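**Student:** Listed below are the residues making up each chain.
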Amino acid sequence: MGQKVALTGNEAAAFAMRQIDPDVVAAYPITPQTEIVQHFSSFVHDGRVRTEFVTVESEHSAMSACIGSAAAGARTMTATCSQGLALMWEMLYIASAFRLPLVMPVVNRALSGPINIHCDHSDAMGARDSGWIQLYSESAQEVYDNLIQAVRIAEHAQVHLPVMVCQDGFVTSHGLENLEIEPDEAVRAFVGEYRPEYHLLDPERPITMGPLALQNAYFEARRQLAAAMHEAKPVILAVAREFEALTGRSYGFFEAYRMADAELVAVALNSTAGTLKEAVDELRRQGTRAGLLKPRVFRPFPWEEMADALTRPGIRAVAVLDRADTNSTLGGPLFNDVRAALFDAGRRPPVKNYIYGLGGRDVSFAELVSVFGDLRATARDGGTDTPVTYLGVQPRRSGELAAAGTRRR
Amino acid sequence: MKRKLNGPADRPGTAGPAVVGWQEMPRGCVILNPGNALEYQTGDWRSFRPVWDENLCIHCLRCWIFCPDDSIVVRDGTMVGIDYDHCKGCGICARECPPKVGAIEMQKESGA
Ligand code: SF4
Ligand code: SF4
Numbered sequence: 001m002g003q004k005v006a007l008t009g010n011e012a013a014a015f016a017m018r019q020i021d022p023d024v025v026a027a028y029p030i031t032p033q034t035e036i037v038q039h040f041s042s043f044v045h046d047g048r049v050r051t052e053f054v055t056v057e058s059e060h061s062a063m064s065a066c067i068g069s070a071a072a073g074a075r076t077m078t079a080t081c082s083q084g085l086a087l088m089w090e091m092l093y094i095a096s097a098f099r100l101p102l103v104m105p106v107v108n109r110a111l112s113g114p115i116n117i118h119c120d121h122s123d124a125m126g127a128r129d130s131g132w133i134q135l136y137s138e139s140a141q142e143v144y145d146n147l148i149q150a151v152r153i154a155e156h157a158q159v160h161l162p163v164m165v166c167q168d169g170f171v172t173s174h175g176l177e178n179l180e181i182e183p184d185e186a187v188r189a190f191v192g193e194y195r196p197e198y199h200l201l202d203p204e205r206p207i208t209m210g211p212l213a214l215q216n217a218y219f220e221a222r223r224q225l226a227a228a229m230h231e232a233k234p235v236i237l238a239v240a241r242e243f244e245a246l247t248g249r250s251y252g253f254f255e256a257y258r259m260a261d262a263e264l265v266a267v268a269l270n271s272t273a274g275t276l277k278e279a280v281d282e283l284r285r286q287g288t289r290a291g292l293l294k295p296r297v298f299r300p301f302p303w304e305e306m307a308d309a310l311t312r313p314g315i316r317a318v319a320v321l322d323r324a325d326t327n328s329t330l331g332g333p334l335f336n337d338v339r340a341a342l343f344d345a346g347r348r349p350p351v352k353n354y355i356y357g358l359g360g361r362d363v364s365f366a367e368l369v370s371v372f373g374d375l376r377a378t379a380r381d382g383g384t385d386t387p388v389t390y391l392g393v394q395p396r397r398s399g400e401l402a403a404a405g406t407r408r409r
Numbered sequence: 001m002k003r004k005l006n007g008p009a010d011r012p013g014t015a016g017p018a019v020v021g022w023q024e025m026p027r028g029c030v031i032l033n034p035g036n037a038l039e040y041q042t043g044d045w046r047s048f049r050p051v052w053d054e055n056l057c058i059h060c061l062r063c064w065i066f067c068p069d070d071s072i073v074v075r076d077g078t079m080v081g082i083d084y085d086h087c088k089g090c091g092i093c094a095r096e097c098p099p100k101v102g103a104i105e106m107q108k109e110s111g112a
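Residue numbers (my numbering), protein chains in the order written: chain A, 1 to 409; chain B, 1 to 112.
Incorrect hints may have been included.
What the hints assert, rightly or not - Only part of the chain A face toward chain B is listed, based on derived beta-carbon distances under 8 Å: (1) Arg99; (2) Tyr194; (3) Tyr198; (4) Met209; (5) Asn216; (6) Ala217; (7) Ala221; (8) Leu246; (9) Ser250; (10) Thr311; (11) Pro313.
Source of the hints: derived by calculation from the structure; they are not laboratory data.
Quick caveat: nothing in here was measured; it's all calculated off a predicted structure.
For every residue, glycine included, the Cβ atom is placed at its ideal position computed from N, Cα and C.
Based on the provided sequences and hints, a complete structural model is requested.
**Tutor:** Structure (structure tokens):
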């Protein structure tokens, strides 16, 4: 059914958006997301989509325009990253509170400062509590597949929440990969028509969106949003099953790679999971039972399923890799959620955190293999006296250089 | 006139106990009941209440002119009372009533 093509992660996102053919796209370009908007605007220019493309002066306006559009009942998309996502921040909360099913590719890039344009996850992690569903993608294939599924998840009557589909800036967004795409008609049939129950442009049923909700109503609205996140879990799995029936490609809350008999397990998001698979294979060749758990869904956090997967009796130690820091002194956001998920488990393995790759710092195969070496020692000694390690950060180069630096001043 | 209230349409913008259970609230705190501002009794805010003495009133309608909330009820050119559902207790009417007349006195609301 599917056809093999070579696309970058950004092209895959734009390609999926063309097939989804949303009613409205309001977007602002920002490196490394720019190509998504650029390719999509070509589709608009060439008449290959029916989309109303709204050019705006900032990401705050992009998200505001998207909120207005979705409130009016239109299927709406945008795309951003890094500072752009940060600038959208206050509007992200409005979109989820209005329960608008926006879909947005996010090309993960470090937040300034210092200013940097390369990959890490600090942008999306800054939005993790915003009430948006977050899907993470290892490859261009997953970007494409997640975006198509995101439309169905977002618009599901039980969910009605916005979804961001994350991929690694440059690593995935600009890397050319082979992937399988579906015919336009198949995607259009899969996403179907968007028919909101109520919207602002319905003269038969006038409504008000965004009322002031003070002490007597705000809490109920927030409680309802929390419930929608719960509801999203079975919907995400149901949509994945339907997607698999269409494409043969299977998705869940996370991918378990060589986990069945794994003793030492790494947990990581996005493209680093690809390198980790190589590391796991190499370690297996050397006789180490390594495994990988790659979360696809970070919000809602599938904590029960993750706890089940990570407390299987054979597992002796777990390393959670974070491409973002919480600056709490207790490691990254993924680490904290995974560790909290394991807290109530009767028997739980030691869990270590590795913060890596900030600002696009390359994470090497050798470094990832070394993480499993650490885990072996952790499994043997049992403890985690240093729960958080900064992997691949340059320590002081030498005493002489430091001294030379001092003299120069 | 009391109309059926619909979820947070029942004055979501006020203090006090919850107006609706979170499961019943229309999705996204949407108000499905148009024109329901009519039911919003801003008089709930009041901590002082204007009390009008009909016997002192000379029906000059200064209070009617100055009331910012259209809460002085006038019929056939005559002041007939105060709409306590909407009067917010600002006291402008009491101040504008001619000092020699003093037909409106502000009294503390019980519970305020
Ligand atoms: S107290 Fe204020 S709101 Fe109330 S009737 Fe007087 S002027 Fe109007
Ligand atoms: S201002 Fe005083 S005297 Fe004049 S109409 Fe109002 S209450 Fe009566």
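**Student:** Given leucine 246 (chain A) as an interface hint, is the shortest Cβ-Cβ distance to chain B below 8 Å?
**Tutor:** Violated. Min distance 28 Å.
**Student:** Restraint: tyrosine 198 (chain A) near chain B, CB-CB cut 8 Å. Satisfied or not?
**Tutor:** holds, 7 Å
**Student:** Is the interface hint for serine 250 (chain A) satisfied, with its Cβ closer than 8 Å to some Cβ of chain B?
**Tutor:** Hint violated; serine 250 (chain A) Cβ to chain B Cβ min 31 Å, cut 8 Å.
**Student:** With chain B as the partner, please determine if tyrosine 194 (chain A) meets the hint condition of a C-beta pair closer than 8 Å.
**Tutor:** Given a least distance of 15 Å, the restraint on tyrosine 194 (chain A) is violated.
**Student:** Per the CB criterion, is proline 313 (chain A) less than 8 Å away from chain B?
**Tutor:** Where the cut-off is 8 Å and the nearest Cβ of chain B is about 40 Å from proline 313 (chain A), the hint is violated.
**Student:** Regarding the hint that methionine 209 (chain A) lies at the interface with chain B, is the smallest CB-CB distance below 8 Å?
**Tutor:** holds, 6 Å
**Student:** With 8 Å as the cut and Cβ atoms as the points, is asparagine 216 (chain A) at the interface with chain B?
**Tutor:** Constraint on asparagine 216 (chain A) satisfied, holds at 5 Å.
**Student:** Quick check on arginine 99 (chain A) please, does its C-beta sit within 8 Å of some C-beta on chain B?
**Tutor:** Holds: closest Cβ of chain B sits about 4 Å from arginine 99 (chain A), inside 8 Å.
**Student:** Should the hint that threonine 311 (chain A) touches chain B count as held when the rule is a Cβ pair under 8 Å?
**Tutor:** It is violated, given that the least Cβ distance between threonine 311 (chain A) and chain B is near 33 Å, above 8 Å.
**Student:** With 8 Å as the cut and Cβ atoms as the points, is alanine 221 (chain A) at the interface with chain B?
**Tutor:** Since the shortest Cβ distance to chain B is 4 Å, the answer is holds.
**Student:** Take the shortest C-beta to C-beta distance between alanine 217 (chain A) and chain B; is it under 8 Å?
**Tutor:** holds, 4 Å
In terms of the numbered hints stated before, the structure departs from hints 2, 8, 9, 10 and 11, listed from lowest to highest.
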